[in-house]
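Colleague: The primary structure of each chain is shown beneath.
2 protein chains.
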Amino acid sequence: MPDTLPADSVGLVSPATLHVDKPLQLDCGRTLNNYHLIYETYGTLNQEKSNAILICHALSGDHHAAGYHSMQDRKPGWWDSAIGPGKPIDTNHFFVVCPNNLGGCKGSTGPNTINPETGRLYGPDFPIVTVADWVRSQAVLADHLGIQQWAAVVGGSLGGMQALQWAISLPDRLRHVLIIAAAPKLSAQNIAFNEVARTAIKSDPDFHEGHYAEHNTIPAQGLGLARMLGHITYLSDEAMGQKFGRELRSGALQYGYDVEFQIESYLRYQSSSFVGRFDANTYLLMTKALDYFDPARDFNDDLTATVASIQARSLVISFTSDWRFSPLRSVEIVNAMIKAGKHVTYAEIEANQGHDAFLMPITRYMEIFGSYMKKIASEVPSA
Amino acid sequence: MPDTLPADSVGLVSPATLHVDKPLQLDCGRTLNNYHLIYETYGTLNQEKSNAILICHALSGDHHAAGYHSMQDRKPGWWDSAIGPGKPIDTNHFFVVCPNNLGGCKGSTGPNTINPETGRLYGPDFPIVTVADWVRSQAVLADHLGIQQWAAVVGGSLGGMQALQWAISLPDRLRHVLIIAAAPKLSAQNIAFNEVARTAIKSDPDFHEGHYAEHNTIPAQGLGLARMLGHITYLSDEAMGQKFGRELRSGALQYGYDVEFQIESYLRYQSSSFVGRFDANTYLLMTKALDYFDPARDFNDDLTATVASIQARSLVISFTSDWRFSPLRSVEIVNAMIKAGKHVTYAEIEANQGHDAFLMPITRYMEIFGSYMKKIASEVPSA
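Protein chains in written order, with the working numbering: chain A, 658 to 1040; chain B, 658 to 1040.
There's no promise every hint is true.
To be verified - Facing chain B, according to a computed beta carbon distance under 10 Å, are these residues of chain A, among others:
#, residue
1, 852
2, 861
3, 900
4, 954
5, 980
6, 995
As the list claims (entries may be wrong) - Some residues of chain B that are not near chain A, with every Cβ distance over 10 Å (derived):
#, residue
7, 672
8, 726
9, 770
10, 857
11, 898
12, 907
13, 952
Claimed, not checked - Taking lysine to any residue pairs in the SDA-like style, the calculated list, with each CA pair at most 25 Å apart, reads:
#, chain 1, residue 1, chain 2, residue 2
14, A, 679, B, 912
15, B, 706, B, 968
16, B, 859, A, 926
If you are wondering where the hints come from, they were derived from the structure by calculation, not from laboratory data. All C-beta atoms, glycine included, are put in the ideal place defined by N, C-alpha and C.
Next up, chain A with everything else stripped away, as it sits in the complex (with noise of 0.2 Å):
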């Protein structure tokens, strides 16, 4: 789609793939005996290796991150906002890595991948992962690429709390870590709105117990309503109002169960392509991973203690109107790690933009960020 590629873009990337032998252990107590993690890394490692930023990905995120896969295409990787040269993440300082998440759907070993032990798609089959599990994975892929220590881990949303757990278990590890739009854990109505999103999904008879590829068809009436309630919970309602407020689609009341408001048309188009590009597999898989996120499950309920390990630098950020992990969230990581005596800084970032404040270039938020950003780089030398 771009015409030319932009100044401030990492350009034309392809990804890479990591096969790994060394079994896995995982949190559900199953095993992975191999797998494999596609990843892309932007910019160059230094040669001490020392200015690598590890990027998590959120639900329905993946390893694109930044940049075009080629000129056709109609938009960048999903955080192209904050990653390129002289954007908060700045490739022209840092070598910047985005793996897919183990049980994704775009590369890494998931459900749509072939289960070597049975020569058959994982499909259902395929364990429970946690975000501890992803971090354990993760740190493998660090193995491979030589780095030691990140200068920073990095995520929002589910991607955020990646990052928390990177901090909390493997602390040495990381000199910084950057938590935006996340919490310590689900609430109660964060883990009801995946249970209605999840139902939605198995209830498709589409679904066929997850076997749906085996019967070649996928359940689409399922995954589409999942992601046209995700998208409520992404936006604020303010931000809703100001995008579709109550316009008519057709101009004049219909008095009918077609299409009436602007609203309609929007999350009926946001479901169906979503449903084209995304495995109902994985969307089952990801928001168990969010319901089982709990690091201070192991301390008991303590998050103080939790994150008394951290040896990292945190930046936090949350969002005013953010309402599926509002500013309050946040808190309660701040609050635990000033408790416990870390080096926290907080940011609450005036936004209408609710939850998917973390995905766009907001002035404030890009300065803070960047300006973080900055203060790592000057630690590390370039390539």
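For this one, chain A is given, so just place chain B on it according to the hints.
Modeller: Relative to the frame of chain A, chain B by itself:
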């Protein structure tokens, strides 16, 4: 279920039915040539017929607002907390009328009743009805009962919208209006949630374009999903957290796709119990009535001009943790009334129960509600 009826209960009640042969013109352009309304009454109408209170029900409500139908009933009517001897709507003083709305599924003409013109169920061919249509039909019931002017029209949520519409459309037929947990129109987010619920119902293969009764089935999955989602919006995040937190159903993590947390179990229970007692076509219709409600549409979106016709004195009540129709939405109504020079009292009740708070016997709420009703009682003799 009650061994003895509580002293403050209206006791055993049974509904009456009004058959109407005078055609009702609907906003959608269609006409109901005849219809019936099922309703209940509590208390005694005084000689002057001046002590009558109209109760308008919300999305899933009906005409059974208080008391018991039999000693075997597990629960009393849906607003038993507010209606009865000595309660805010004191049946020692007032004559209370509560009809099931047109398009409902509990006895009034609606999708699950016979269309006299075809001899078959209306099903999905039942016309879309609006809040203004309901007010017109409720006025026919008032005429039948000889009630020229209600002492008050009272409702919460969608019921509050009917109360507001009464005050706007038929200003000389009510002396007071009580608008509780309502809004002057839905936001884009409100409409979005409704659209997800409708999509869930309509995409259920058992929906059969609304003709499920002819297929001897019901769209149980879709209707259940709609109810699960509704429940999330009726409760506050805080109330869900206090009630369920992240309690595990089985005590230990299962790492599977079955119910893991109590909140999931609760939603599934709510879903399945609702499916057995509510009609899917009615659910669609009620959500559409919500979407279409926007009395200011006829006044160039000027709410102040919209309420200019109101003669009734008003009490508007909201609840702090209600995020479906937040206090700010009630304030929109209040501000318009103040600008229009109307007599309005407003109370924002501190409550953590979310939207459902309007159905609960919260002390401060009952005090303010009861105190206002006592003032009304002082204006009219009891029977």
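Colleague: Looking at the structure, which of the earlier hints fail to hold?
Modeller: The structure breaks hints 6, 10, 11; every other hint is satisfied.
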